[in-house]
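With chain X's structure known, arrange chains L, P, R, U and S on it following the hints.
Number of protein chains: 6
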Amino acid sequence: MATVKLIQYEEATPSVKAVFDDIKMTRNVPDVNNFWKSLANHPETLQRVWNNVKEVMGDGAIDSMTKEMIYIAVSIANNCSYCVHTHTAAAFKKGMSDAQYQELLAVITLASTTNNIATGMQIPTDEQFLK
Amino acid sequence: MATVKLIQYEEATPSVKAVFDDIKMTRNVPDVNNFWKSLANHPETLQRVWNNVKEVMGDGAIDSMTKEMIYIAVSIANNCSYCVHTHTAAAFKKGMSDAQYQELLAVITLASTTNNIATGMQIPTDEQFLK
Amino acid sequence: MATVKLIQYEEATPSVKAVFDDIKMTRNVPDVNNFWKSLANHPETLQRVWNNVKEVMGDGAIDSMTKEMIYIAVSIANNCSYCVHTHTAAAFKKGMSDAQYQELLAVITLASTTNNIATGMQIPTDEQFLK
Amino acid sequence: MATVKLIQYEEATPSVKAVFDDIKMTRNVPDVNNFWKSLANHPETLQRVWNNVKEVMGDGAIDSMTKEMIYIAVSIANNCSYCVHTHTAAAFKKGMSDAQYQELLAVITLASTTNNIATGMQIPTDEQFLK
Amino acid sequence: MATVKLIQYEEATPSVKAVFDDIKMTRNVPDVNNFWKSLANHPETLQRVWNNVKEVMGDGAIDSMTKEMIYIAVSIANNCSYCVHTHTAAAFKKGMSDAQYQELLAVITLASTTNNIATGMQIPTDEQFLK
Amino acid sequence: MATVKLIQYEEATPSVKAVFDDIKMTRNVPDVNNFWKSLANHPETLQRVWNNVKEVMGDGAIDSMTKEMIYIAVSIANNCSYCVHTHTAAAFKKGMSDAQYQELLAVITLASTTNNIATGMQIPTDEQFLK
Numbered sequence: 036m037a038t039v040k041l042i043q044y045e046e047a048t049p050s051v052k053a054v055f056d057d058i059k060m061t062r063n064v065p066d067v068n069n070f071w072k073s074l075a076n077h078p079e080t081l082q083r084v085w086n087n088v089k090e091v092m093g094d095g096a097i098d099s100m101t102k103e104m105i106y107i108a109v110s111i112a113n114n115c116s117y118c119v120h121t122h123t124a125a126a127f128k129k130g131m132s133d134a135q136y137q138e139l140l141a142v143i144t145l146a147s148t149t150n151n152i153a154t155g156m157q158i159p160t161d162e163q164f165l166k
Numbered sequence: 036m037a038t039v040k041l042i043q044y045e046e047a048t049p050s051v052k053a054v055f056d057d058i059k060m061t062r063n064v065p066d067v068n069n070f071w072k073s074l075a076n077h078p079e080t081l082q083r084v085w086n087n088v089k090e091v092m093g094d095g096a097i098d099s100m101t102k103e104m105i106y107i108a109v110s111i112a113n114n115c116s117y118c119v120h121t122h123t124a125a126a127f128k129k130g131m132s133d134a135q136y137q138e139l140l141a142v143i144t145l146a147s148t149t150n151n152i153a154t155g156m157q158i159p160t161d162e163q164f165l166k
Numbered sequence: 036m037a038t039v040k041l042i043q044y045e046e047a048t049p050s051v052k053a054v055f056d057d058i059k060m061t062r063n064v065p066d067v068n069n070f071w072k073s074l075a076n077h078p079e080t081l082q083r084v085w086n087n088v089k090e091v092m093g094d095g096a097i098d099s100m101t102k103e104m105i106y107i108a109v110s111i112a113n114n115c116s117y118c119v120h121t122h123t124a125a126a127f128k129k130g131m132s133d134a135q136y137q138e139l140l141a142v143i144t145l146a147s148t149t150n151n152i153a154t155g156m157q158i159p160t161d162e163q164f165l166k
Numbered sequence: 036m037a038t039v040k041l042i043q044y045e046e047a048t049p050s051v052k053a054v055f056d057d058i059k060m061t062r063n064v065p066d067v068n069n070f071w072k073s074l075a076n077h078p079e080t081l082q083r084v085w086n087n088v089k090e091v092m093g094d095g096a097i098d099s100m101t102k103e104m105i106y107i108a109v110s111i112a113n114n115c116s117y118c119v120h121t122h123t124a125a126a127f128k129k130g131m132s133d134a135q136y137q138e139l140l141a142v143i144t145l146a147s148t149t150n151n152i153a154t155g156m157q158i159p160t161d162e163q164f165l166k
Numbered sequence: 036m037a038t039v040k041l042i043q044y045e046e047a048t049p050s051v052k053a054v055f056d057d058i059k060m061t062r063n064v065p066d067v068n069n070f071w072k073s074l075a076n077h078p079e080t081l082q083r084v085w086n087n088v089k090e091v092m093g094d095g096a097i098d099s100m101t102k103e104m105i106y107i108a109v110s111i112a113n114n115c116s117y118c119v120h121t122h123t124a125a126a127f128k129k130g131m132s133d134a135q136y137q138e139l140l141a142v143i144t145l146a147s148t149t150n151n152i153a154t155g156m157q158i159p160t161d162e163q164f165l166k
Numbered sequence: 036m037a038t039v040k041l042i043q044y045e046e047a048t049p050s051v052k053a054v055f056d057d058i059k060m061t062r063n064v065p066d067v068n069n070f071w072k073s074l075a076n077h078p079e080t081l082q083r084v085w086n087n088v089k090e091v092m093g094d095g096a097i098d099s100m101t102k103e104m105i106y107i108a109v110s111i112a113n114n115c116s117y118c119v120h121t122h123t124a125a126a127f128k129k130g131m132s133d134a135q136y137q138e139l140l141a142v143i144t145l146a147s148t149t150n151n152i153a154t155g156m157q158i159p160t161d162e163q164f165l166k
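Protein chains in written order, with my numbering: chain X, 36 to 166; chain L, 36 to 166; chain P, 36 to 166; chain R, 36 to 166; chain U, 36 to 166; chain S, 36 to 166.
For reference, chain X alone in the conformation it holds in the complex:
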């Protein structure tokens, strides 16, 4: 169903296998998911995206689980079905509780509501926010 072939571990080139190994080890999973198998068609992009993910998504000033919640928020707003599924699973795996999940959805839907109100009435930004 993808527009490209899904490259399985066994058929991957050595450089792709190296990235797959790093993902599997970092995430403690037996196999990489379809996202990485699709990206494997272009090893440079695969490498660059995986490096970005490692650099951005670990614990930092914001903890890793909260970062997954933010990721879910963007993916819902952008309507990316694949990403909503995978990052929701990731957030739960990193410790998101049912209560947190429900609050997350409540915040996201409230935000879309007020986004629409602001756009609908073309509300001018208050001076104080324009420094």
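Treat the hints loosely; a few may be bogus.
When chains are identical, the list treats them as one kind, so a pair holds in a single copy or across two.
Okay, derived cross-link-like pairs now, DMTMM-like style, lysine to aspartate or glutamate, Cα gap no bigger than 25 Å in a straight line [said to hold, decoys possible]:
1) K129 to E46
2) K59 to E46
3) K128 to D161
4) K129 to D56
5) K59 to D161
6) K40 to D133
7) K52 to D133
8) K40 to E79
9) K52 to D98
10) K129 to E45
11) K129 to D161
12) K59 to D98
13) K128 to D56
14) K52 to E79
15) K89 to E45
Calculated from the structure, these hints are not laboratory results. For clarity, every value in this text was computed on a predicted model and none was experimentally measured.
Then chains L, P, R, U and S, alone, in the frame of chain X:
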């Protein structure tokens, strides 16, 4: 510039003034911002939205500042200029640090990138995520 | 501020003037707005879009004012500032009342909310809707 | 396929059953659809959204069928597959004719076209619309 | 699964058959795809859209294959699954190489990233771009 | 108006100045634009984004000017005002003609139209495109 009149506190009906007072007291501000002044044209909606905001945005299983960060994420993805300005200010006011802000933006932009990749290659969701 | 020059009536070619005249007469206005002045840089597109507008936006199985309300809804969801302004004005000019306007905004914001919920939880479409 | 369990009527808590009963009675259907079964995981949100729907979607200054058409418009622009299916069915059920449906789609697609043109050429909003 | 019936060639009216014949001949295919079968429910729209496609998508100042790449870009950003599939196939059929496809996806994802950065930080457009 | 300070060349740290110098030299401009001045608040992101831009946007299997046209397409669909302005200017600077620009806009608007039609009628992807 709005499609409706901005209702100032002095010209508001008593029921609208009551909501304005509640906002000012809850947020510890001298005046409500343009969003509420625009909504004031329809007192029922004003009341309902403010109630939703109070119900959803306070500290809960997710703390209030993190909720603002999620709000920023949705507003950026939805491209709502007004909301990006106001909620960025709110997040800083609730204690978001510059480091957290930068990490927030990094997560948001990474999410949009991978959203696009998933959509671009029409990547099928892995079985394990479809329960 | 546009990426193209706004072509004023006086400087327009005869074929563009003809379209401008048709717009002014159909809408009973003294001048066309910036949208048409921008499109005038490409007379074929100007002609095609104006023809589409005339064909689609008049009274039909759906009346013209309701069509403007639908137009506002799409423009808000697509976040087109220019279109929100112009079509809100058009809807009021065609008889939309304040009560209808408020209900329109309420429906739009509710729709965005439930769109988000459906996407957020990746709700599968019920069999009955898939015929 | 949803990220949450679909709660069937038989397994629902009494408060959720009460909301389900209200939906079934109001809509004259034998069972609620997947949207409500998903929301049932969070009874407060279920209650709040159902209340909003009842409050906003009935006949008012805008009739209920027209409100469904507006809902379809937003759902298409927001690309919500679930909502497009369910609200298209609802609109037909409330009396939308094939001719109205086709005109609705024509208006929606024309709106997206002109939204793009306005954004593409960054057309400045005319003074008259900025009051 | 569509909200309308897919009209097959055999059951089409003469005017619809004429458009189907034109599509099949222009594209050198044995049957039209589901997009046209769905549009066939409204012959005027079918005719207008096909005319637009013929007028816009052929070789011009921009060659036809590059136009398909642009089409893919818009369809990804707009998250249209159907269009991503069909136009990706069309681009390959018109000669897009794997290297071009990968570069196309790289540009699209980079664009979404910087779109988000600009929106996230509400970056003001430099004077030089506002003429 | 940005949510961050715009860092001017004179006040930049040495590492940021180094990136600014590279941008100015690569693009043959006397000063970097506001996008880079905003990103300069986070030197790691500045460096990473600039590296991505250099890597992705030069002549390759797709020439650099065509890449700018694709960038415009995504930025319009994503409604990023800043990016539409800057990349339209960049495309013209790299040799895009008025005729190409008009065709670009025509393709983009046609794509949005058909995206909407496909979403509106929930058209199922033909088997042949699902391999």
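### Task
Against the structure, test the hints numbered earlier, and report the numbers of the ones violated in rising order.
1, 9 and 10
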